[in-house]
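Protein chains: 2
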Amino acid sequence: MLSFPTNKPLIVITMGDPSGIGPEIIMKALADLSKERSAVFVIVGDAGVMRSAAASFYGKPLAVKRIGDSFEQDAVNLVDPGPELKGVKAGISTDDGARKALSCLDTAIRIVRDAPEGASPAMVTAPVSKERIARLSPGFVGHTEYLEKAFSSRMVTMAMVGKHFTVIPVTRHIPLSEVPGKLTTRLIVDTIAQVVESRYLLSGKDAARIGVAALNPHGGEGGHIGKEEIDIINPAVDKARSFYGAIEGPLPADVIFYKAFNKEIDIVVSMYHDQCLAPFKMVDFATGVNTTLGLGCVRTSPDHGTAFDIAGKGLASPTSMEEAIRLAARAVRAS
Amino acid sequence: MLSFPTNKPLIVITMGDPSGIGPEIIMKALADLSKERSAVFVIVGDAGVMRSAAASFYGKPLAVKRIGDSFEQDAVNLVDPGPELKGVKAGISTDDGARKALSCLDTAIRIVRDAPEGASPAMVTAPVSKERIARLSPGFVGHTEYLEKAFSSRMVTMAMVGKHFTVIPVTRHIPLSEVPGKLTTRLIVDTIAQVVESRYLLSGKDAARIGVAALNPHGGEGGHIGKEEIDIINPAVDKARSFYGAIEGPLPADVIFYKAFNKEIDIVVSMYHDQCLAPFKMVDFATGVNTTLGLGCVRTSPDHGTAFDIAGKGLASPTSMEEAIRLAARAVRAS
Chain A
1 MLSFPTNKPL
11 IVITMGDPSG
21 IGPEIIMKAL
31 ADLSKERSAV
41 FVIVGDAGVM
51 RSAAASFYGK
61 PLAVKRIGDS
71 FEQDAVNLVD
81 PGPELKGVKA
91 GISTDDGARK
101 ALSCLDTAIR
111 IVRDAPEGAS
121 PAMVTAPVSK
131 ERIARLSPGF
141 VGHTEYLEKA
151 FSSRMVTMAM
161 VGKHFTVIPV
171 TRHIPLSEVP
181 GKLTTRLIVD
191 TIAQVVESRY
201 LLSGKDAARI
211 GVAALNPHGG
221 EGGHIGKEEI
231 DIINPAVDKA
241 RSFYGAIEGP
251 LPADVIFYKA
261 FNKEIDIVVS
271 MYHDQCLAPF
281 KMVDFATGVN
291 TTLGLGCVRT
301 SPDHGTAFDI
311 AGKGLASPTS
321 MEEAIRLAAR
331 AVRAS
Chain B
1 MLSFPTNKPL
11 IVITMGDPSG
21 IGPEIIMKAL
31 ADLSKERSAV
41 FVIVGDAGVM
51 RSAAASFYGK
61 PLAVKRIGDS
71 FEQDAVNLVD
81 PGPELKGVKA
91 GISTDDGARK
101 ALSCLDTAIR
111 IVRDAPEGAS
121 PAMVTAPVSK
131 ERIARLSPGF
141 VGHTEYLEKA
151 FSSRMVTMAM
161 VGKHFTVIPV
171 TRHIPLSEVP
181 GKLTTRLIVD
191 TIAQVVESRY
201 LLSGKDAARI
211 GVAALNPHGG
221 EGGHIGKEEI
231 DIINPAVDKA
241 RSFYGAIEGP
251 LPADVIFYKA
261 FNKEIDIVVS
271 MYHDQCLAPF
281 KMVDFATGVN
291 TTLGLGCVRT
301 SPDHGTAFDI
311 AGKGLASPTS
321 MEEAIRLAAR
331 AVRAS
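So the sequences go chain by chain: A and B.
Here the first sequence is numbered in the working numbering, starting from 1 and rising by one per residue.
Here the second sequence is numbered in the working numbering, starting from 1 and rising by one per residue.
By construction, these hints were calculated from the structure, which means they are not laboratory data.
By construction, the Cβ of each residue, glycine as well, lies at the ideal position given by its N, Cα and C atoms.
Heads up, a few of these hints could be off.
[Claimed, not checked] Chain B regions said to be covered by chain A (calculated; three or more residues, Cβ under 8 Å): (1) 206 to 220; (2) 257 to 263.
[Said to hold, decoys possible] Within a straight-line C-alpha distance of at most 16 Å, the following computed EDC-like cross-link-like pairs (lysine to aspartate or glutamate) qualify: (3) B:K227 / A:E178; (4) A:K163 / A:E264; (5) A:K227 / B:E178; (6) A:K130 / B:E221.
Okay, chain A solo, but in the shape it has when bound (with noise of 0.2 Å):
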């Protein structure tokens, strides 16, 4: 049993591949937000790496707890499931770093999990090498589907909130030839409802205006280039209207994105990850921060890699982990 904070949000940040540019930029950005600090942070990682980065970037040292401790409210508290990790240098990514970068997952996953009713805790996690963690633990394909399973969810919904606008893919990692395949009314509709339910979360605005984007050119021109509006799409709306007003669409994908950059929209639900992902990334690449819904807690993260060509060398910018950061305070508040 773990002992939380009565009074503030908790935060739990993972810190990702050792040898990737997590462990910098987790203590660059609490660095830079130690002013507007209106969480309790507990740091899952190794302790070694941990304690060297904040030496380097932080400037303070961490709180280090066992589970069963209580944490403190004015420092950063590290929790380290051990072993501690020896000889971890930037930038070389090794059998033994992916692995505690899996456990220190799990136990973040279990500190959240195991939290007291109403604490509320949310959960950021750091980059971690994919193709590593799959060769160790087979079928791992990226946080947000290890989350699902760990926190048996029905669905969950991947969400990437920029300063722009806010776009949520319907079908994700699959090929473009069975987006079409995978297109269901059920599929938008449970989407659409995680979205209205998280919209505070993903616009900061209780009155988001949801648009819903078309699957074919020019939104299928009434059926001409493409059925799937008139069969699918359409009908999705259709419901979803009957538990939130503010959603338009189907609307083309060359004006759905006009109209969101031009603050028009603030929440678009887009058919696919390239249809989204694409403008979303040519105006915030490095700012955006991906979030996942149906969790039951939230759970953000920065939206780049472990990016091990540049560990080490402190030019690892930590504003996609700061944004994470502020949207899992604020969804701590809002909830």
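On the provided structure of chain A, position chain B as indicated by the hints.
Just chain B now, kept in the frame of chain A:
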């Protein structure tokens, strides 16, 4: 036989639908461009409609010509294939208006096609009502396809030239589900070849940097999320590099537009309509210019429709038409 000016390029502009914003934006654009005029302009349109638009938005009379007359270099020339329309009302689309728009397009094609060797005229087309023309002339789907037939082209390519970057969709107005099946290495190579040939028109640079987009999320992740990159797109990029060096790709859609927006790539060759038009129109909604490659002459058009809802109110922005005329002038001078 038409008389061509000898020392200036000729730009032939079609009126488009007489009840749309075409006449207004043509005359506004020519007024705005009157100081930088390095071409001879011929409008093919209805005499009454264009005279009225000139009176409101241009301020000088048009030089009305018949086919066979010499064009004036210091005035805007007007050719009306007749018969003159009566009772045209702005905003109210009619069969007579659509018929006249099509007949003006045919006359413009004739002027351009019959041009003497070395005249290198360019065509700028104002928007028409595709739906209404299709009712009168079944099979009409748009300017691009109509011109493809009229000029007996083996293959045309549509490009959108914006302030930020230029995009070319390899496939155009087809359902998303048909995109993977239409892509072949040959089609992609042929498209890139037309782009390379027109790179100065498309980018204003002889050393344009061309990027080729992937089809699947994350570029297929080495075949894990779709095989088209490995089977179709990689071989096309390799082959294209044999005739032009500055080609990068296939790049994931959520990377390539970031690079284009940040001036690391000038021209994006994309696999399907929404992949490039969504990010393009997000930042160049009203300023993009549509141009058709492969006709044997340059053709540009503003990137918007007839806008019947604002026609006749003086509210239409000529920006995209101005850019279309400027691009045509650039092309004619470059040829």
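Hint consistency between K163 (chain A) and E264 (chain A) [alpha-carbon to alpha-carbon, up to 16 Å] = The hint holds at about 14 Å.
Against chain A, does the region 206 to 220 of chain B show at least 3 residues with beta-carbon separation below 8 Å?
-> holds (count 5)
Against chain A, does the region 257 to 263 of chain B show at least 3 residues with beta-carbon separation below 8 Å?
-> With 4 residues closer than 8 Å to chain A, the region 257 to 263 of chain B meets the three-residue bar; holds.
Given the hint that K130 (chain A) pairs with E221 (chain B), test it: the Cα-Cα distance must not exceed 16 Å.
-> It holds: about 12 Å lies between the C-alpha atoms, which stays within 16 Å.
Assess, step by step, whether the Cα of K227 (chain B) is no farther than 16 Å from the Cα of E178 (chain A), and give holds or violated.
-> Holds. K227 (chain B) to E178 (chain A) sits at ~12 Å (cutoff 16 Å).
Is the Cα-Cα distance between K227 (chain A) and E178 (chain B) 16 Å or less?
-> Satisfied, since the Cα-Cα distance of roughly 12 Å is no more than 16 Å.
Hint compliance for this structure: every hint is met.
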